[in-house]
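With the hints as extra help, turn the sequences into a complete structure.
Protein chains: 2
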Amino acid sequence: MTGKNFIGFSLSGDGNKTFQTFNPIANSENEQLYFEASDQEIEKSITLANKAFQEYRSCSGKEKANFLNAIADEILALDDELIQVYCSETGLPEGRAKGERGRTIFQLRSFAELVTEGSWVEATIDTAVPDRTPLPKSDIRRMNIPLGPVVVFGASNFPLAYSTAGGDTAAALAGGCPVIVKSHPMHAGTGELVASAIVKAAQKTGMPEGVFSNLNSSGIEVGVALVKHPFIKAVGFTGSIQGGRALLDLASQREEPIPVFAEMGSVNPVVILPKALKERAESLAKTYASSITLGTGQFCTNPGLVLGIESDELTEFIQSLGHEILQIEPSVMLHPNIIGAYEKNRDKALSQSNVEIIADYPKDVQPNYARQTITTVKGKTFLENPTLHQEVFGPFSMVVQCENTEELERIISQLEGQLTGTLIADNREAVQYPKIIAALQNRVGRLIYNGVPTGVEVCPSMVHGGPYPASTDSRFSAVGIHSIQRWVRPFSYQDWPNDLLPDELKEENPLNISRTVNGQLIQGKL
Amino acid sequence: MTGKNFIGFSLSGDGNKTFQTFNPIANSENEQLYFEASDQEIEKSITLANKAFQEYRSCSGKEKANFLNAIADEILALDDELIQVYCSETGLPEGRAKGERGRTIFQLRSFAELVTEGSWVEATIDTAVPDRTPLPKSDIRRMNIPLGPVVVFGASNFPLAYSTAGGDTAAALAGGCPVIVKSHPMHAGTGELVASAIVKAAQKTGMPEGVFSNLNSSGIEVGVALVKHPFIKAVGFTGSIQGGRALLDLASQREEPIPVFAEMGSVNPVVILPKALKERAESLAKTYASSITLGTGQFCTNPGLVLGIESDELTEFIQSLGHEILQIEPSVMLHPNIIGAYEKNRDKALSQSNVEIIADYPKDVQPNYARQTITTVKGKTFLENPTLHQEVFGPFSMVVQCENTEELERIISQLEGQLTGTLIADNREAVQYPKIIAALQNRVGRLIYNGVPTGVEVCPSMVHGGPYPASTDSRFSAVGIHSIQRWVRPFSYQDWPNDLLPDELKEENPLNISRTVNGQLIQGKL
Chain A
65 MTGKNFIGFS LSGDGNKTFQ TFNPIANSEN EQLYFEASDQ EIEKSITLAN
115 KAFQEYRSCS GKEKANFLNA IADEILALDD ELIQVYCSET GLPEGRAKGE
165 RGRTIFQLRS FAELVTEGSW VEATIDTAVP DRTPLPKSDI RRMNIPLGPV
215 VVFGASNFPL AYSTAGGDTA AALAGGCPVI VKSHPMHAGT GELVASAIVK
265 AAQKTGMPEG VFSNLNSSGI EVGVALVKHP FIKAVGFTGS IQGGRALLDL
315 ASQREEPIPV FAEMGSVNPV VILPKALKER AESLAKTYAS SITLGTGQFC
365 TNPGLVLGIE SDELTEFIQS LGHEILQIEP SVMLHPNIIG AYEKNRDKAL
415 SQSNVEIIAD YPKDVQPNYA RQTITTVKGK TFLENPTLHQ EVFGPFSMVV
465 QCENTEELER IISQLEGQLT GTLIADNREA VQYPKIIAAL QNRVGRLIYN
515 GVPTGVEVCP SMVHGGPYPA STDSRFSAVG IHSIQRWVRP FSYQDWPNDL
565 LPDELKEENP LNISRTVNGQ LIQGKL
Chain B
65 MTGKNFIGFS LSGDGNKTFQ TFNPIANSEN EQLYFEASDQ EIEKSITLAN
115 KAFQEYRSCS GKEKANFLNA IADEILALDD ELIQVYCSET GLPEGRAKGE
165 RGRTIFQLRS FAELVTEGSW VEATIDTAVP DRTPLPKSDI RRMNIPLGPV
215 VVFGASNFPL AYSTAGGDTA AALAGGCPVI VKSHPMHAGT GELVASAIVK
265 AAQKTGMPEG VFSNLNSSGI EVGVALVKHP FIKAVGFTGS IQGGRALLDL
315 ASQREEPIPV FAEMGSVNPV VILPKALKER AESLAKTYAS SITLGTGQFC
365 TNPGLVLGIE SDELTEFIQS LGHEILQIEP SVMLHPNIIG AYEKNRDKAL
415 SQSNVEIIAD YPKDVQPNYA RQTITTVKGK TFLENPTLHQ EVFGPFSMVV
465 QCENTEELER IISQLEGQLT GTLIADNREA VQYPKIIAAL QNRVGRLIYN
515 GVPTGVEVCP SMVHGGPYPA STDSRFSAVG IHSIQRWVRP FSYQDWPNDL
565 LPDELKEENP LNISRTVNGQ LIQGKL
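Chain order of the listed sequences is A and B.
Be aware that the first sequence starts at 65, since it is given in our numbering, and climbs by one per residue.
Be aware that the second sequence starts at 65, since it is given in our numbering, and climbs by one per residue.
Bear in mind the hints are in silico, worked out from the structure with no lab data behind them.
As the structure is a computational prediction, the values presented were derived from the model and not from experiment.
Every residue gets a Cβ at the ideal spot worked out from N, C-alpha and C, and that includes glycine.
Worth double-checking, as some hints may not be accurate.
Stated by the list, open to error - As a list, the in silico EDC-like pairs of lysine to aspartate or glutamate whose alpha-carbon atoms are at most 16 Å apart:
#, chain 1, residue 1, chain 2, residue 2
1, A, LYS499, B, GLU119
2, B, LYS427, B, GLU393
3, A, LYS115, B, GLU473
4, B, LYS499, A, GLU119
5, B, LYS444, B, GLU471
6, A, LYS201, B, GLU521
7, B, LYS201, A, GLU521
8, B, LYS115, A, GLU473
9, B, LYS408, B, ASP424
As the list claims (entries may be wrong) - Using C-beta positions, here's what the derived DEER-type ranges look like:
#, chain 1, residue 1, chain 2, residue 2, range
10, A, GLN587, B, ASP411, 52 to 58 Å
11, A, SER415, B, LEU590, 48 to 54 Å
12, B, THR197, A, THR451, 39 to 45 Å
This is the structure we're talking about:
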């Protein structure tokens, strides 16, 4: 480890400003100094990315797949060093580090598979009709091509799977876009190690220098400079609403506005219907106590809001949830900023009028450890106080006791956009609540039945996104192979000579991909 | 004709402000008064749209197809009245009116076919693996669902095909989104007639009131109020860069930012390679004189910029183009604002240093008729003066004489985003200019070989869009069935009971659509 930036293939630490990461369990800074990227280093990384794009955009699917698979191999080769640095910077346990590494590898290999197969470009061909009247019809062929250099902001809560070589980076590289990562300052070491793996992979597989750079920064200046630069064509971000919105505003105000896909906050409402509550209040309380505290509540799909209709069973559930959550040992949060924000937002929620505290871990906790908290309010209180709608990122949840189904529906309709909505119901019960389900669907990106929102499967049918502020653009997902669509655009060739067409659109279909030809999906030659 | 707004199914003219349309051939206002929508009417149309969405979003593909086909039928039933009003408001000839009506009908029926067939929702199913270790895998199913009420701004240059029932409206209705049209003030009569057809169709096919409204407005206030309203979830626009950018800024600054698809300006560069010029300078001049003046130059794909390398043949081409274009009779523009802007922008271009005027229609023209104009500049002049890069909307084109291939490439790279780029080349010539082609591809949405950019085929492989400012989001097209993607978002169901799933995702696949199941595209049951 050097603490330096990767500007293309070179390590570089020209800046005067340095910073350190933090070990939340030891409650002390880690030793390594990291060099904040200088203006010259930022400019150089962008110039290299722009130059690399001219070559990288024409790389074949197989070449890109080799690169992605090599990244996965090099990450695995980092072995224990990566796991140790990861744990020292996050307080997360080794099991989680390894699990997240597995997810990162899986994502890289999934995209490698996608671009090897090649049909993801959605090739569409409409052949010419020269004798059409009144005008002849041209031959038109369409496929997806990359947007250009993409800036990726690493997430604090997923130092591997949504950071340096995470979902945004893997999707952008698969799509043919060079990537500049603005590394998360609180896991800059993990970032540097992963970046070194990407650079090694790029060199081994003959990728152009500039296809990837990794910039350190403890403040906002580096990110701002990247997003404002005319050579940058898109932005990926996972983090707070405040951070994501700031980037969206910057990108929208550019002379050439560019797309920002930010996956941001969510309270992930869980609706518990009466019969389900009657049948299994106890076991639901156990399940949810565990989901709320999973990873110290540091998941974007953490269930921060539970909605039910006033009843003895709901009261019983609330008490059980409070009881169960106090059985769980408090755990450490990622870094001082996150624990600070948790305590501030939690205290703000607790201080609102008519909020009843059901559970608040009563014993002393170690520094940077979070006290899990359960509160409850009446539906009317919730409706009247927008502060209660805000996310408290951490092991915190609020149960809202609605007066009746109408109030429940009104509350759901007034929620901001969410990543997920969960319905807990008895088998024949859900069908009686079509309006509740419709209202919930309208506010979320994914509906879950009788489960918990935590746990985001990486598969083609997953939507990880949703109406604002769950994401800045609900038309895309941050997870799964379709997330490549964020970084590509459709492109048409009209009457283009066959030998000058990219392989994906040639008559003879040399890549043997699936193509829509005159409205029919076919494989093989034209 | 009443001059009133359609607020849902009702004609309404509560406002105090009225305006008239203009007959550019007669050079006088048309008689009919149009009532500018009042604040109450705007609010009512939005409330109705939001309410209608709750029902319309669940309409089946067949129901939506019936509605779309009924709109086409009702537009045809307007018969000669529509054609006459269209011509009186635009100065465009009857043949063009009928052609554009045909295109509008074709678009409506194409979307009807798309939603009848149903596979456009891109259903993707990953089935459960309950015994997977370490964690069981959930059943996850994904499909596209509508965003919500969409506001469409009619285009001035396509009163039918890109206005009231044009591409944006047809795509949004097909996707399940109610539409509020902000009618273009210069063809408010055409707008009212088409709106009456849509309302009749909605009533005949049992659609909810509010699925469509049509608002008149001669200023910007109505549009601003619509775009700022929290119930509006997306915006479609075709028109000037200034107008589209203003809407994008408004939408981005909302508390909940919403997507804007604006198709805006373009100079549609045409690159003529040396050998092609040597072989057919004369015929190219004829072809391009005709393309530049088609529809009085009022197409967004009008070739406003021709790029070549200095040579005797290029000089010959420029002289021929100037000669040919003066053989064409001047024609009328759509309305006084457009002719005013044309003259202003043309004069601005002509007054720049080192611009040589090759052709400027020398005789007197009738009011509202445009003088076709050809200019030429050296590459160096063009590179140094960004004013020369701006679109002059009308029968105007500028030929840039580049010193060499490098300067040609530099000029292309420095162009703003464009809808189209055209390459004119001899059969074995193009392959020698890979950098020119790559640079051109990077700036445009569609590449044309040995043709003209005017003429936008409506078919699945068409991309009508491109890097900013050709459009506000190059990841979408304004033309073709894929344009539905602007108004829908992916949505996932996790472990959802089969009877509560939409038909598109049910085990038994009752709609018999193509679905991607565990990575394989199949039709039929699970």
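Inset, instruction - Given the range 39 to 45 Å, decide if the beta-carbon distance of B/THR197 to A/THR451 lies inside it. - result: For B/THR197 and A/THR451 the Cβ distance comes to about 43 Å; the hint holds.
Inset, instruction - Assess, step by step, whether the Cα of B/LYS444 is no farther than 16 Å from the Cα of B/GLU471, and give holds or violated. - result: holds, 8 Å
Inset, instruction - Check the following: the C-beta atoms of A/GLN587 and B/ASP411 are separated by a distance inside 52 to 58 Å. - result: Once the Cβ atoms are compared, 56 Å apart, the range 52 to 58 Å for B/ASP411 and A/GLN587 holds.
Legend entry - 16 Å Cα cutoff - pair A/LYS499, B/GLU119: Answer holds: A/LYS499 to B/GLU119 is near 11 Å, not above 16 Å.
Inset, instruction - Decide if the proposed pair is consistent with the structure: B/LYS499 and A/GLU119, CA atoms, cutoff 16 Å inclusive. - result: With a Cα-Cα distance of about 11 Å, the restraint between B/LYS499 and A/GLU119 holds, given a limit of 16 Å.
Inset, instruction - Measure nothing beyond the straight line between the CA atoms of A/LYS201 and B/GLU521; if it is 16 Å or shorter, mark the hint as holding. - result: Judged against 16 Å, a Cα distance of about 8 Å means the pair holds.
Legend entry - Range agreement (Cβ of B/LEU590 with Cβ of A/SER415, hint 48 to 54 Å): For A/SER415 and B/LEU590 the Cβ distance comes to about 51 Å; the hint holds.
Legend entry - 16 Å limit on alpha-carbon distance, applied to hinted pair B/LYS115 and A/GLU473: holds, 15 Å
Legend entry - Agreement of B/LYS201 and A/GLU521 with the hint, judged by alpha carbon distance not exceeding 16 Å: At roughly 8 Å apart (the allowed maximum being 16 Å), A/GLU521 and B/LYS201 satisfy the hint.
Legend entry - 16 Å Cα cutoff - pair A/LYS115, B/GLU473: At roughly 15 Å apart (the allowed maximum being 16 Å), B/GLU473 and A/LYS115 satisfy the hint.
Legend entry - Hinted pair B/LYS408 and B/ASP424, Cα distance within 16 Å: Between B/LYS408 and B/ASP424 the Cα gap is close to 14 Å, so the pair holds against 16 Å.
Legend entry - 16 Å limit on alpha-carbon distance, applied to hinted pair B/LYS427 and B/GLU393: holds, 10 Å
Violation of the numbered hints given earlier is absent; every hint is satisfied by the structure.
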